[in-house]
Structure formats: C-alpha cells, structure tokens
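Trainee: With the hints as extra help, turn the sequences into a complete structure.
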Amino acid sequence: MSPISRGFRRKREAAPAGRVPPGQYVTKDFPVLSAGPTPHTPLSEWSFSIAGGREPKMWTWEQFRSLPSENLTTDIHCVTRWSKLDTTWQGVSLDVLLAAVEYDARYVLAFSDGGYTTNLPVADLLGGKAWVAFEYGGGPLGAEHGGPARLLVPHLYFWKSAKWVRGLRLRDTDEPGFWENYGYHMYGDPWREQRYAGD
Amino acid sequence: MAGTAVRGRLTWQTATVGLVTDETPKVRTLRLEVPDWPGHEAGQHVDIRLTADDGYQAERAYSIASAPGEPLAITVERLDDGEVSPYLTQEAQPGDQFEVRGPIGGYFVWEAGTGGPLLLAAGGSGVVPLRAILRYRSLAGSSAPVRLLYSSRSWEDVIYSSELDLPADGVKVIHTLTRSQPPMWHGYARRVDIRMLAEVAWPTAERPLAYVCGPTSFVESVATGLVGLGYPAGRVKTERFGATGQ
Chain F
348 MSPISRGFRR KREAAPAGRV PPGQYVTKDF PVLSAGPTPH TPLSEWSFSI AGGREPKMWT
408 WEQFRSLPSE NLTTDIHCVT RWSKLDTTWQ GVSLDVLLAA VEYDARYVLA FSDGGYTTNL
468 PVADLLGGKA WVAFEYGGGP LGAEHGGPAR LLVPHLYFWK SAKWVRGLRL RDTDEPGFWE
528 NYGYHMYGDP WREQRYAGD
Chain Y
675 MAGTAVRGRL TWQTATVGLV TDETPKVRTL RLEVPDWPGH EAGQHVDIRL TADDGYQAER
735 AYSIASAPGE PLAITVERLD DGEVSPYLTQ EAQPGDQFEV RGPIGGYFVW EAGTGGPLLL
795 AAGGSGVVPL RAILRYRSLA GSSAPVRLLY SSRSWEDVIY SSELDLPADG VKVIHTLTRS
855 QPPMWHGYAR RVDIRMLAEV AWPTAERPLA YVCGPTSFVE SVATGLVGLG YPAGRVKTER
915 FGATGQ
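These protein sequence lines map, in sequence, to chains F and Y.
Per the working numbering, residue 348 is the first one in the first sequence, and the count goes up by one each step.
Per the working numbering, residue 675 is the first one in the second sequence, and the count goes up by one each step.
The hints are simulated quantities; they were obtained by calculation from the structure and are not laboratory data.
Check the hints yourself; a few may be wrong.
As the list claims (entries may be wrong) - Straight-line Cα separation of at most 30 Å, DSS-like style, residue types lysine-lysine; simulated pairs:
{"no.": "1", "chain 1": "F", "residue 1": "Lys431", "chain 2": "F", "residue 2": "Lys375"}
{"no.": "2", "chain 1": "F", "residue 1": "Lys431", "chain 2": "F", "residue 2": "Lys358"}
{"no.": "3", "chain 1": "Y", "residue 1": "Lys846", "chain 2": "F", "residue 2": "Lys431"}
{"no.": "4", "chain 1": "F", "residue 1": "Lys358", "chain 2": "Y", "residue 2": "Lys700"}
{"no.": "5", "chain 1": "F", "residue 1": "Lys375", "chain 2": "Y", "residue 2": "Lys911"}
{"no.": "6", "chain 1": "Y", "residue 1": "Lys846", "chain 2": "Y", "residue 2": "Lys911"}
{"no.": "7", "chain 1": "Y", "residue 1": "Lys846", "chain 2": "F", "residue 2": "Lys375"}
{"no.": "8", "chain 1": "Y", "residue 1": "Lys911", "chain 2": "Y", "residue 2": "Lys700"}
{"no.": "9", "chain 1": "F", "residue 1": "Lys476", "chain 2": "F", "residue 2": "Lys404"}
{"no.": "10", "chain 1": "F", "residue 1": "Lys358", "chain 2": "F", "residue 2": "Lys404"}
{"no.": "11", "chain 1": "F", "residue 1": "Lys476", "chain 2": "F", "residue 2": "Lys375"}
{"no.": "12", "chain 1": "F", "residue 1": "Lys375", "chain 2": "F", "residue 2": "Lys358"}
{"no.": "13", "chain 1": "Y", "residue 1": "Lys700", "chain 2": "Y", "residue 2": "Lys846"}
{"no.": "14", "chain 1": "F", "residue 1": "Lys431", "chain 2": "Y", "residue 2": "Lys700"}
None of the values given here were measured: they were computed from a predicted structure.
Mentor: Structure below.
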C-alpha cells in the first residue's frame, strides 16, 4: 500500500485510456538519452550487417536505401517515463532484412556505433513489428536521435530501439546488452512495466 | 563491460522527507529517510513515486545528490509546468512520505579505485550527480585530480555554491555564467565552447575520464567538443535530460 504524499495531486491531463502504459506520461518533446558522445559516421562508411547466420550479410547505405521501405505512425515509450504519441517514421522492415539470411537463432544482439548493444528475441523483430528507421517526422533522422539509422521496435521500451545501429548478431542464447548489463530488464515490455531486472 | 547494478528485484520503499535545504530559488535538496536503503554509488539515480489521496500516482527519476555512505538525498529543480518537481520543491516538508526505488544505473558512476584525472562538466542541475562524485572523492580519501566546469545562467542559479566555494585539495571549480554575471566577474561568461574546453579540460596525454551531465544541448556540445580535442568516446560518459516537463 503506497503512502499518501500529503498535498500531492494530479496536474497533468489523463492520457487517452489504454494508450499509455502504466507509469508513463505523455510528452510533446523528443528527449534525448544516451550514455556517450553522439557518433557521426559518414554515409560512405556506413553499413548494416547481420552476422551469425549461415552466411554473413552486409548492405552499404545505397544498398540499404534501395530496399523497400515503409512509412509508419506509432507511439514510443521510454523507460525514463515519457511516452510520445503518433510519431512518424520511414524505415526498412526487419522482415525484409532478416529474409536475406538463413539462420535458426532465437535472439539477436543489436550493435551500434559507439559500442552500444541491446538484446532482443528474433520473434519481436518479425511480423511487421520492427524497422531500421532513417526518417523521422518527414525528414532525415538527426544524429542526436540515432541517425543516420536506428532500430525502431516500438512495442518495447525505447532503449531497445538502438540508436546509430550498424547491425545484428544472431545468437542462440539471450545475452544482455549495454543497459541490460546494468540492471535493466532483458525484455522490456512497457505494458508489463518491465523496467529493471526482476520487474 | 562489467555490470555493477544489483540484479535483484528493485522494490518500492517508503521514504520520509528529512532535512530540506533550498539551494537556489528554484532548487531544493531533500534528505530522505529510507530504513532499508541498500546504499548507492556516486552518479546513480532513484525512481520517485508520489501518490495522491485519490490514488493517482506519478513517477520520475532523480539523480542522487549524496555520496555513498551518506544518507540518501536528491536535489530537484522546479519546472514550472511540471507535476512532480513543484511538489518536491515547494510542497514537501519534513515528515511527508512518498516511495523510492533504486539505486538505478551503473554506467554514469565513478568509483575511487578508477582514479583520475576527472573532468566533470555540468549544465544547470546536471551538477547533482557530479556533486555526489565530489563528496564521495573526499569521503573516500581519493587524491584523484578533478576539474569541474559548471555552467549556470547566473550566480543565483549556482547549486551547492557554498560547498563549491571551498573545494577539497586537488579539486578546481571553474564557473561559467551564461546570462548574467555579478559586478567584477572575471570568470567565463558564455556557453561552453571548444575554446573554453581546450583551456579547462585535462590534456588527453593524462588519460582523463570525463563525466558530462546537463540538458541535451549542453551535453551534445561538450561531448562533441571533448571528442574533437582527442578524448576517446569511451572516456566521455554522458547523462542527459531533455525538456521533458517533469
């Protein structure tokens, strides 16, 4: 039973019912959270690769951008408690990217410029649930928000949507990534408030 | 990398407000009495949960202001359109209760064994976790050399000013006041830029470790500047807060 905080009352408007996971509030800003300096990799040096399948696969920026892409509108939920509604993105579906490799792994470790990593089940990347996004709000994705391209897995807390993503390592076991090593949840479902290990 | 966070379940615990200290007109430090607080490292944060009498709850994260070994304390800046920070900075009094859980975060931390030299760069209330590092350095008897570059709007907005006026041996505090300066001010009077960083930051040959905390624009410019001066990206740890209206 939570103690009453004397004199505290709601000041924010309630979010539309069922729209915002527990413990979250809606913001119109797009806050930036990262653990280190923002990398600036030239597109000429950028690539996206998938390792750990039968054959490694790699796309240059031009090859990646020539893949079929989708426009989508989705809500995003950060573990620091902000949610942002109706964000618009363009990206390449992970269905397209993973279809280019043969594998039987059940997990991936996404890796990024700057050394960031995060772990996800393959099942959460398939079926129209995940993208490598390169446009946000109708323009190129800014570097501070993960550009030139970031993972976009909106049904999980946003730390799973790795900024500056450069590829996936397919793995048989679920190995923790960067924040997961520091006590954040291995899966990170916002609707079950899986913020930290043990939640 | 080795994770340092506790892997066990983090449970909500009742915190009772103890000593309250106004740091500036908009910033207050609250000491929190938490009977089963497991302890924390310098640089970590806590989650706070407030409960209204109608059951409405709001959660936010705040940096820990106290050193490991000291009672838990947070320092909160009031955001006028916020929901939690006006309560914590204006309403809460000694004896009031809410919930905390933590400590959280194991990356933006400093341990005495890590050594230095340290470059700490703070924008506004981003000084809070860096103050925890400074206090811990003293308590731990560390002699790691430290430079704190601290950007505030005006002298009245400087948090922990009396503490920072009397730094420990080996600690140098460099202020910059970006909007207004007191008469006879001889210090920096502009936003942190690459020239200021080149003057203040430890040379890369000394293998410094940098901790940068503040609003996004501050952290972006400082972290990018340090990388430009040759700091390896892995030696620049950042903690940002956007204008999230908390």
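Trainee: Next step is simple, just say for each hint if it's right about the structure.
Mentor: How the hints compare with the structure:
Between Lys431 of chain F and Lys375 of chain F the CA atoms are separated by roughly 6 Å; this keeps the pair inside 30 Å, and the hint holds. This hinted pair checks out: Lys431 of chain F and Lys358 of chain F have alpha carbons roughly 18 Å apart, not beyond 30 Å. With a C-alpha separation of about 41 Å, the suggested pair Lys846 of chain Y and Lys431 of chain F falls outside the 30 Å cut-off, and the hint is violated. For the proposed pair Lys358 of chain F and Lys700 of chain Y, the alpha carbon gap of about 19 Å is at most 30 Å, so the pair holds.
Restraint check for Lys375 of chain F and Lys911 of chain Y: satisfied, since their Cα atoms lie roughly 27 Å apart, inside the 30 Å limit. Proposed proximity of Lys846 of chain Y and Lys911 of chain Y is supported: the alpha carbons are some 20 Å apart, at most 30 Å. A hinted pair counts as satisfied when its Cα atoms are at most 30 Å apart, and Lys846 of chain Y with Lys375 of chain F does not qualify at roughly 39 Å. Proposed proximity of Lys911 of chain Y and Lys700 of chain Y is supported: the alpha carbons are some 27 Å apart, at most 30 Å.
For the given pair, Lys476 of chain F sits about 21 Å from Lys404 of chain F by alpha-carbon distance, which is consistent with the 30 Å threshold. Distance check on the hinted pair: Lys358 of chain F and Lys404 of chain F sit about 51 Å apart at the alpha-carbon level, beyond 30 Å; violated. Of the pairs offered as hints, the one joining Lys476 of chain F and Lys375 of chain F holds, with about 23 Å between alpha carbons and a cut-off of 30 Å not exceeded. Note on Lys375 of chain F and Lys358 of chain F: the hinted pairing holds, with a Cα-Cα distance of about 16 Å set against a maximum of 30 Å.
A hinted pair counts as satisfied when its Cα atoms are at most 30 Å apart, and Lys700 of chain Y with Lys846 of chain Y qualifies at roughly 25 Å. With a CA separation close to 27 Å, the supplied pair Lys431 of chain F and Lys700 of chain Y stays within the 30 Å bound.
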